[in-house]
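In order, the protein sequence lines correspond to chains A and B.
759 is the number that the numbering used here gives the last residue of the first sequence; the numbers go up by one with no jumps.
759 is the number that the numbering used here gives the last residue of the second sequence; the numbers go up by one with no jumps.
Check the hints yourself; a few may be wrong.
All copies of an identical chain are treated as equivalent in the list; a pair is satisfied when it fits inside any one copy or across any two copies.
Stated by the list, open to error - Below, a list of computed lysine to any residue pairs in the SDA-like style, where the Cα atoms sit at most 20 Å apart:
(1) 557 <-> 585
(2) 715 <-> 738
(3) 705 <-> 552
(4) 705 <-> 739
(5) 563 <-> 583
(6) 734 <-> 724
Hints listed in this document are in silico derivations from the structure and should not be mistaken for laboratory results.
There are 2 protein chains.
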Amino acid sequence: MKVFIAGLGLIGGSLALALKDRDLCCEVLGAEADEERASEALRLGLADRIVPFEEGVEEADLTVLATPVDQIPILAIKALNRVKSNQIVIDMGSTKEELCEVISCHAARGRFVATHPMWGTEYSGPKAAVHGAFAGRTVVLCDTTKSDEDATQTIEKLFRALEMPIIYMDAEEHDLHAAYVSHISHITSFALANTVLEKEREDRHIFDLAGGGFESTVRLAKSSSKTWVPILLRNKYNVLDVLREHIHQLQLLRKAIERDDSEELTEMIDRANSIQRIIH
Amino acid sequence: MKVFIAGLGLIGGSLALALKDRDLCCEVLGAEADEERASEALRLGLADRIVPFEEGVEEADLTVLATPVDQIPILAIKALNRVKSNQIVIDMGSTKEELCEVISCHAARGRFVATHPMWGTEYSGPKAAVHGAFAGRTVVLCDTTKSDEDATQTIEKLFRALEMPIIYMDAEEHDLHAAYVSHISHITSFALANTVLEKEREDRHIFDLAGGGFESTVRLAKSSSKTWVPILLRNKYNVLDVLREHIHQLQLLRKAIERDDSEELTEMIDRANSIQRIIH
Chain A
480 MKVFIAGLGL IGGSLALALK DRDLCCEVLG AEADEERASE ALRLGLADRI VPFEEGVEEA
540 DLTVLATPVD QIPILAIKAL NRVKSNQIVI DMGSTKEELC EVISCHAARG RFVATHPMWG
600 TEYSGPKAAV HGAFAGRTVV LCDTTKSDED ATQTIEKLFR ALEMPIIYMD AEEHDLHAAY
660 VSHISHITSF ALANTVLEKE REDRHIFDLA GGGFESTVRL AKSSSKTWVP ILLRNKYNVL
720 DVLREHIHQL QLLRKAIERD DSEELTEMID RANSIQRIIH
Chain B
480 MKVFIAGLGL IGGSLALALK DRDLCCEVLG AEADEERASE ALRLGLADRI VPFEEGVEEA
540 DLTVLATPVD QIPILAIKAL NRVKSNQIVI DMGSTKEELC EVISCHAARG RFVATHPMWG
600 TEYSGPKAAV HGAFAGRTVV LCDTTKSDED ATQTIEKLFR ALEMPIIYMD AEEHDLHAAY
660 VSHISHITSF ALANTVLEKE REDRHIFDLA GGGFESTVRL AKSSSKTWVP ILLRNKYNVL
720 DVLREHIHQL QLLRKAIERD DSEELTEMID RANSIQRIIH
């Protein structure tokens, strides 16, 4: 299989490595808007050749869109405009509703499979690509009833070969759950970093005391705005909904602390503890 | 050296293991309020003998207070009431201001060294004790001018043997920085867990999608209320101050998302990114 990956950053680059490591493709073509990133990707072995987008789509059996989510809908249309009936296009973005709407009436809609692998790190760009990504993580396939059966099957086989459990959702449902479980975590982490940078004027103290739990909650705050501004804005209504609830939960904790209400605080923390029945 | 540890949970138990692993003591005596935990601690080899608190203090060269912080001031007084001039008492708690005030006029104040090792996990109780804890993490010594020189030196030597860099703060300063860097992270994480548990009614989705960053930000939400309610209430004013700023930062992000203000959002995320110059 010849694979064309548009966007050779954290996600696209790590996919390239995974496909090569497992001998799942004969050649990886890549596209990168930025020239420096393009040569970096080549140097890191993320792609065998850098090609213009249109050429990549035409030549490859599988086109993978792994750019920031604001670029995906247009690239999806451009790719579908060029695919033949034996070719497949997928995306790997974190939001799906707008994308699936934009491509819904395209004559070649069946050749598209919308996917979201639940893997990532706080780093970005070609240098962030790592070996061994994806394995063991869930991948969400969205609106598969709109995809041709053979296209879905090929993609299912591919993700199974990457050892990824597959789940199915419609696009709307996906964006809702992604807001609840992934997008809010990033907002929390950005806000926490800014809080500490605002309040704690001495970097040295942050560094020395970070062992007390700060590192894990703030890790995602290193994530790039290029990736995350589009995600937060494309999933605006779900994100705002869960963000309002999050602020509300913080207010409840604040009020309990103000009142010295150890009973209420205990109850809230014990409730939070129950997350361990789900996340081990 | 004979060491007596009051509280054989995560911190006290891990200290016992570290002292034994490095041959830094000949015998560990322990005290545990709860009988079941006491026999668990013995079974896990965290202590050689369980003794009553008063007996432990009298017999040991070094008494370590590793209980929840609300119990530490009284235990500190009770220990200091019994120590002779060749014995030392330390605590390992996350708040220091109240403790240091309570012991400030005690005749044996010089035998006390207030310490806060910046290490922990989200687990608690004797079973949470692990080998290899503390090494490489900073330990804060507070108000050392109030401690006898020989006592401070002995404790410095002990922490150096555990490979812990030592920093010095007064108690007030410690509580401020601990609120900014450690305590707020726990609040954020508790609130995030409750947000997701509130909004996401299907556990299965949380589990399947958690790869998207949720796990790291919510890890601390497993921390026990027995440990954390006392910390948050004993450090109330600092905690409230930083919590108000955190809510404010979340409101700023919320407003930028509401306004589709990608420029402002980018700026806020880029600012948050700068945390990586401190936390790698």
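Hint-by-hint comparison with the structure:
1. Within a single copy, residue 557 and residue 585 get their C-alpha atoms as close as 11 Å, which meets the 20 Å cut-off; across copies the closest is 78 Å, which misses it.
2. Taking the shortest Cα distances, residue 715 and residue 738 sit within 20 Å of each other only across copies (10 Å), while inside one copy they are farther apart (34 Å).
3. Proximity of residue 705 to residue 552 under the C-alpha cut-off of 20 Å is restricted to the intra-copy arrangement: shortest distance 16 Å within a copy versus 50 Å between copies.
4. With identical chains, the CA atoms of residue 705 and residue 739 are at most 20 Å apart between copies only, with a shortest distance of 15 Å across copies and 42 Å within one.
5. Taking the closest pair of Cα atoms, residue 563 and residue 583 come within 20 Å of each other only inside a single copy of the chain (17 Å); across copies the shortest separation is 81 Å, beyond that limit.
6. Taking the closest pair of Cα atoms, residue 734 and residue 724 come within 20 Å of each other both inside a single copy (15 Å) and across two copies (15 Å).
In terms of the numbered hints stated before, the structure departs from none.
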